[in-house]
Amino acid sequence: NAGVTQTPKFRVLKTGQSMTLLCAQDMNHEYMYWYRQDPGMGLRLIHYSVGEGTTAKGEVPDGYNVSRLKKQNFLLGLESAAPSQTSVYFCASSYLRQPQHFGDGTRLSIL
Amino acid sequence: EDQVTQSPEALRLQEGESSSLNCSYTVSGLRGLFWYRQDPGKGPEFLFTLYSAGEEKEKERLKATLTKKESFLHITAPKPEDSATYLCAVSDSNSGYALNFGKGTSLLVTP
Numbered sequence: 005n006a007g008v009t010q011t012p013k014f015r016v017l018k019t020g021q022s023m024t025l026l027c028a029q030d031m032n033h034e035y036m037y038w039y040r041q042d043p044g045m046g047l048r049l050i051h052y053s054v055g056e057g058t059t060a061k062g063e064v065p066d067g068y069n070v071s072r073l074k075k076q077n078f079l080l081g082l083e084s085a086a087p088s089q090t091s092v093y094f095c096a097s098s099y100l101r102q103p104q105h106f107g108d109g110t111r112l113s114i115l
Numbered sequence: 747e748d749q750v751t752q753s754p755e756a757l758r759l760q761e762g763e764s765s766s767l768n769c770s771y772t773v774s775g776l777r778g779l780f781w782y783r784q785d786p787g788k789g790p791e792f793l794f795t796l797y798s799a800g801e802e803k804e805k806e807r808l809k810a811t812l813t814k815k816e817s818f819l820h821i822t823a824p825k826p827e828d829s830a831t832y833l834c835a836v837s838d839s840n841s842g843y844a845l846n847f848g849k850g851t852s853l854l855v856t857p
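Chains V and R, in that order, give the protein sequences. Sequential numbering from 5 applies to the first sequence in our numbering. Sequential numbering from 747 applies to the second sequence in our numbering.
Since the hints were derived computationally from the structure, they do not count as laboratory data. Please note: incorrect hints may appear among the correct ones.
[Said to hold, decoys possible] One-sided excerpt, in silico: chain R residues whose CB lies under 10 Å from chain V:
1. Y843
2. F847
3. L854
[To be verified] Label pairs and their in silico Cβ distance ranges:
4. R:K805 / V:D30: 18 to 26 Å
5. R:S829 / V:G81: 32 to 40 Å
6. R:A823 / V:E56: 41 to 49 Å
7. R:T751 / V:A60: 23 to 31 Å
8. V:G44 / R:K814: 25 to 33 Å
9. R:H820 / V:D66: 35 to 43 Å
10. V:G44 / R:E804: 30 to 38 Å
11. V:T11 / R:K814: 36 to 44 Å
12. V:P12 / R:S798: 40 to 48 Å
13. R:K805 / V:L100: 20 to 28 Å
14. R:G800 / V:P12: 25 to 33 Å
Here a beta-carbon is modelled for each residue, glycine too, at the ideal position from N, C-alpha and C.
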């Protein structure tokens with residue numbers, strides 16, 4: 005039972021490049037979330053989904069897009085990466101609003 | 747204005763030296779207060795959920811308590827393996843599906 009799996013674990017991009025971060029969960033959770041964690045700041049919610057085919061904006065959604073085509077997967081896209089998006093990205097899932105369970109993160113550097 | 751404030755930012759203890767971490771919050775309609783542990787390079791690991799003032803939860807050397815304004819994470823006779831960053835997060839009636847995280851307390855337990 006893997007829980008929440010994020011790929012890739014590390015990535016370096018150049019400004020203006022695009023990429024997609026993948027999150028997969030095997031707990032049959034309805035809710036999924038994308039957060040970013042920056043030094044000196046708490047985790048901040050980017051986007052979330054309350055079910056297959058639905059997505060919504062969180063606290064810091066600008067510059068990101070998401071898709072939830074399958075219940076177990078939640079994708080986070082950066083269309084044109086900027087240095088300000090250098091961060092550690094965490095995916096989480098939960099059964100309704102029960103405690104959120106996190107993956108081990110994707111460390112993204114944008115040069 | 748921070749809704750969730752954790753103190754101290756960092757704490758160094760000797761093995762066996764008990765102490766407490768604080769999480770103060772200013773939200774209306776608290777739906778839940780969550781404690782997580784985060785090890786370097788890993789995602790947050792869920793520890794406890796507290797829902798109402800007076801509630802307490804225990805797990806091994808950790809005990810979490812909740813009042814109307816703050817929560818404490820008491821660590822009794824800590825061991826070096828308890829070294830980690832401890833995160834507090836709240837869910838309230840205004841935050842929707844988001845968890846509002848504090849910046850964390852970095853705990854180091856030395857032998």
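Against the structure, the hints come out as follows:
Against a cut-off of 10 Å between C-beta atoms, the interface hint on Y843 of chain R holds, since the closest Cβ of chain V lies about 5 Å away. Of the supplied interface hints, the one on F847 of chain R holds, with its beta-carbon coming within about 4 Å of a beta-carbon of chain V, less than 10 Å. The closest approach between the C-beta of L854 of chain R and any C-beta of chain V is roughly 18 Å, which is over the 10 Å cut-off, so the hint fails. The hinted range of 18 to 26 Å is satisfied by K805 of chain R and D30 of chain V, whose Cβ atoms lie roughly 24 Å apart.
In this structure the supplied range 32 to 40 Å holds for S829 of chain R paired with G81 of chain V, their Cβ-Cβ distance being about 36 Å. Distance hint check for A823 of chain R and E56 of chain V: the Cβ-Cβ separation is about 46 Å, which falls inside the suggested range of 41 to 49 Å. Our hint of 23 to 31 Å for T751 of chain R and A60 of chain V holds, since their Cβ atoms are close to 27 Å apart. For G44 of chain V paired with K814 of chain R, a C-beta distance near 28 Å keeps the hint of 25 to 33 Å intact.
At roughly 40 Å, the beta-carbon separation of H820 of chain R and D66 of chain V lies within the given 35 to 43 Å, and the hint holds. For G44 of chain V and E804 of chain R, the hinted distance range of 30 to 38 Å is satisfied, since their beta carbons lie about 31 Å from each other. A C-beta distance of roughly 42 Å is found between T11 of chain V and K814 of chain R, which places it inside the suggested range of 36 to 44 Å. Between P12 of chain V and S798 of chain R the CB atoms are about 41 Å apart, so this pair conforms to the stated range of 40 to 48 Å.
With their beta carbons about 23 Å apart, K805 of chain R and L100 of chain V fall inside the hinted range of 20 to 28 Å. For the hinted restraint 25 to 33 Å between G800 of chain R and P12 of chain V, the CB-CB distance of approximately 45 Å leaves it violated.
Hint violations for this structure: numbers 3, 14, all remaining hints satisfied.
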